[in-house]
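A.B. asks: Going down the list, the sequences are from chains A and B.
For the record, in the first sequence the residue sitting at position 145 is 145 according to the numbering used here, with numbers rising by one throughout.
For the record, in the second sequence the residue sitting at position 175 is 175 according to the numbering used here, with numbers rising by one throughout.
Please keep in mind that the hints were generated in silico from the structure rather than gathered at the bench.
Watch out, some of these pointers could steer you wrong.
Mimicking DSSO-like on lysine-lysine, the simulated pairs with C-alpha atoms at most 27 Å apart in a straight line are [claimed, not checked]:
#, chain 1, residue 1, chain 2, residue 2
1, A, Lys-105, A, Lys-66
2, B, Lys-166, B, Lys-130
3, A, Lys-36, A, Lys-96
4, B, Lys-11, B, Lys-140
5, B, Lys-57, A, Lys-96
6, B, Lys-145, B, Lys-170
7, B, Lys-57, B, Lys-130
8, B, Lys-257, A, Lys-105
9, A, Lys-90, B, Lys-335
10, A, Lys-90, A, Lys-66
11, A, Lys-66, A, Lys-40
12, B, Lys-170, B, Lys-130
13, A, Lys-120, A, Lys-93
14, B, Lys-257, A, Lys-90
15, B, Lys-57, A, Lys-93
16, B, Lys-130, A, Lys-96
17, A, Lys-40, A, Lys-105
Listing some non-contacts, in silico: residues in chain B with all C-beta distances to chain A over 10 Å [stated by the list, open to error]:
#, residue
18, Asp-8
19, Asn-45
20, Asp-112
Idealized CB from N, CA, C, for every residue including glycine.
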Amino acid sequence: MTQASTEQSGRAVNENRPQRRSIPEGLWLRCASCTKMIYKRHLEASLHVCPECQFHHRISASERVKQLADPGTFQEMFAGLTPCDPLGFKDLKSYKDRLLAEQIKTGSLDAVKAGRLFIKGREAMVACLDLTFMMGSMGSVVGETVTRAVEEATASNLPLIVVSCSGGARMQESGLSLMQMAKTSAALARFDDAGGLFISVLTDPTTGGVTASFAMLGDIILAEPGALVGFAGPRVIQQTIRQELPEGFQRAEFLKKSGIVDRVVPRGQLRSEIARLIDYAGK
Amino acid sequence: MATFYQLDFEKPIVELERQIEAADNRLKAELAAAGATGEESTPINPTIATLQVELAKMRERHAAELTATYSRLTPWDTVRVARHPQRPQSREYISMICRDFAELHGDRRYGDDPAIVSGFARIGPSPGIKVMLIGHQKGKETAEKIACHFGCAHPEGYRKALLKMKLAEKFGVPIVTLVDTPGAYPGLGAEQRGQAEAIAVNMLEMSRLRTPIVSVVIGEGGSGGALGIAVADRVAMMQHSWYSVISPEGCAAILWKEANEQTNQAAARSLKLTAADNLSLGIINEIIPEPVGGAHRDQRGAATNLLGWVLARLNELSRVPMDELLQQRYERFRKMGSYLESHAEPQAN
Ligand SMILES: [Zn+2]
Numbered sequence: 001m002t003q004a005s006t007e008q009s010g011r012a013v014n015e016n017r018p019q020r021r022s023i024p025e026g027l028w029l030r031c032a033s034c035t036k037m038i039y040k041r042h043l044e045a046s047l048h049v050c051p052e053c054q055f056h057h058r059i060s061a062s063e064r065v066k067q068l069a070d071p072g073t074f075q076e077m078f079a080g081l082t083p084c085d086p087l088g089f090k091d092l093k094s095y096k097d098r099l100l101a102e103q104i105k106t107g108s109l110d111a112v113k114a115g116r117l118f119i120k121g122r123e124a125m126v127a128c129l130d131l132t133f134m135m136g137s138m139g140s141v142v143g144e145t146v147t148r149a150v151e152e153a154t155a156s157n158l159p160l161i162v163v164s165c166s167g168g169a170r171m172q173e174s175g176l177s178l179m180q181m182a183k184t185s186a187a188l189a190r191f192d193d194a195g196g197l198f199i200s201v202l203t204d205p206t207t208g209g210v211t212a213s214f215a216m217l218g219d220i221i222l223a224e225p226g227a228l229v230g231f232a233g234p235r236v237i238q239q240t241i242r243q244e245l246p247e248g249f250q251r252a253e254f255l256k257k258s259g260i261v262d263r264v265v266p267r268g269q270l271r272s273e274i275a276r277l278i279d280y281a282g283k
Numbered sequence: 001m002a003t004f005y006q007l008d009f010e011k012p013i014v015e016l017e018r019q020i021e022a023a024d025n026r027l028k029a030e031l032a033a034a035g036a037t038g039e040e041s042t043p044i045n046p047t048i049a050t051l052q053v054e055l056a057k058m059r060e061r062h063a064a065e066l067t068a069t070y071s072r073l074t075p076w077d078t079v080r081v082a083r084h085p086q087r088p089q090s091r092e093y094i095s096m097i098c099r100d101f102a103e104l105h106g107d108r109r110y111g112d113d114p115a116i117v118s119g120f121a122r123i124g125p126s127p128g129i130k131v132m133l134i135g136h137q138k139g140k141e142t143a144e145k146i147a148c149h150f151g152c153a154h155p156e157g158y159r160k161a162l163l164k165m166k167l168a169e170k171f172g173v174p175i176v177t178l179v180d181t182p183g184a185y186p187g188l189g190a191e192q193r194g195q196a197e198a199i200a201v202n203m204l205e206m207s208r209l210r211t212p213i214v215s216v217v218i219g220e221g222g223s224g225g226a227l228g229i230a231v232a233d234r235v236a237m238m239q240h241s242w243y244s245v246i247s248p249e250g251c252a253a254i255l256w257k258e259a260n261e262q263t264n265q266a267a268a269r270s271l272k273l274t275a276a277d278n279l280s281l282g283i284i285n286e287i288i289p290e291p292v293g294g295a296h297r298d299q300r301g302a303a304t305n306l307l308g309w310v311l312a313r314l315n316e317l318s319r320v321p322m323d324e325l326l327q328q329r330y331e332r333f334r335k336m337g338s339y340l341e342s343h344a345e346p347q348a349n
């Protein structure tokens, strides 16, 4: 499953939208989708959604938390969890070196940020995956953090929100990464037994072992417009079935049509949508 | 000996097996000839005696060679043994270990995925204990392989498995799953029908099913497609099976940029996918030994060992109170993973 995910996740979301990942620094940015020049402050003010074409640019976990939380309410938890290299994994590069490089690049220890926050006055537990760290892949730290967030939500009787974006299970921790799928799912079973509300938010891209565990287990599943969400990546599917994939395949709107996603929610409405759903289903 | 699919590292062994077969045939012919002329009372027939000694020596060499070869399999060799076409699959194990098997089909929603076989079964000494048996089926002949998508189940397969598991829970029947898949099917329909959701729901539900569950990886334990029927109280691997987050080829293609003999070897080694590796990582509880030379050489021997393990574990689990069983199952997966933890002051932004 990581094959799928990691392969696809490194690619641009749409071949027709060149260079969407390379936003240059400076006052003006070129939208990766419509290629129009946007004033950087405008893009930030619009939550990194292009004001011209509504394209949802990828954002980090810190940015996500900032966007979701009522100002000053986010209390980070489990931040001391640090990845190690239990397998002594080495491909062309060692996992140890990879981790260090990613930690220096991102200033984060791993690909997740979790804690308590308030959303429009409603208290909740949140966990956000971080695409900027090893493609948001799930190893022991991501699995443990999500599990603790679920357990904390269970113990504190809080709604749980997980914002996913991930290339899937992290190959460098192999079987241990795989087991995080079972671990997070088992924790969610208990949360479910306790009557907790879990809102899963799918963002671009969410694939592989993350999709095939907690991301698909929400009581309510929301997705950002255009987000690619799947078990296998498009390239792997194409190689397997040897035919062209239909337009919009595995995009949020397609998933809604397929009955897999409850609502497609533009980023600007995410806070109010979550608050609204908590009022319906939360305790 | 029947025609045998050959793994390159088995070449000397298979060659020896051919020689043994030839010598054995010659011996039989000589014995028949001697018998036909009524000479059985003659003390020594030098041709027959020589052949018998030769044959004994060859058999000894064969046994030694087999033991030696199988004790030095590389992880990639193991993957190839796990995929051996003569290796027993779920349906073969079922026919060898079950006194009765009442197959139950379909997911009641979409269809009947042949990549998952499921049904009530009786196993062990007469009258046999009742279990719900669920396994991946890869297929043996071409038509079956295609129908089964080579053991890659669709969402309807995972939902079929769950439906049968819930049936077992309802009637207090323990569950036995046999894992043998390269991975869940990556296709258009599979995505549309919610492959990821099907696997995720299976894991969630299996973690709280109120009946004992034991799982055995019999061949390939490919990623989420394997785990989708393997959230169990006890998990074992057959000695020459593999279990990992991704296949070595998949891993090689991504991290080594190309899958070839050399990178597959390297990826298989890095992924720690053998039974011994998984045992030391705490992912499985036990390794079920295979007959020398692998389950493909002695299917019955492998089935006997598998059955013995399943019966022993089910017996043990049947004595654990249900709430305790569920707590232990939760903790089994809860503790998995490896990380460090520093206790810094919580940060607020
Ligand atoms: Zn734009």
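A.B. asks: Tell me the hint numbers this structure goes against, listed in increasing order.
C.D. replies: Violated hints (numbers, rising): 3, 5, 6, 7, 10, 13, 15, 16; every other hint is consistent with the structure.
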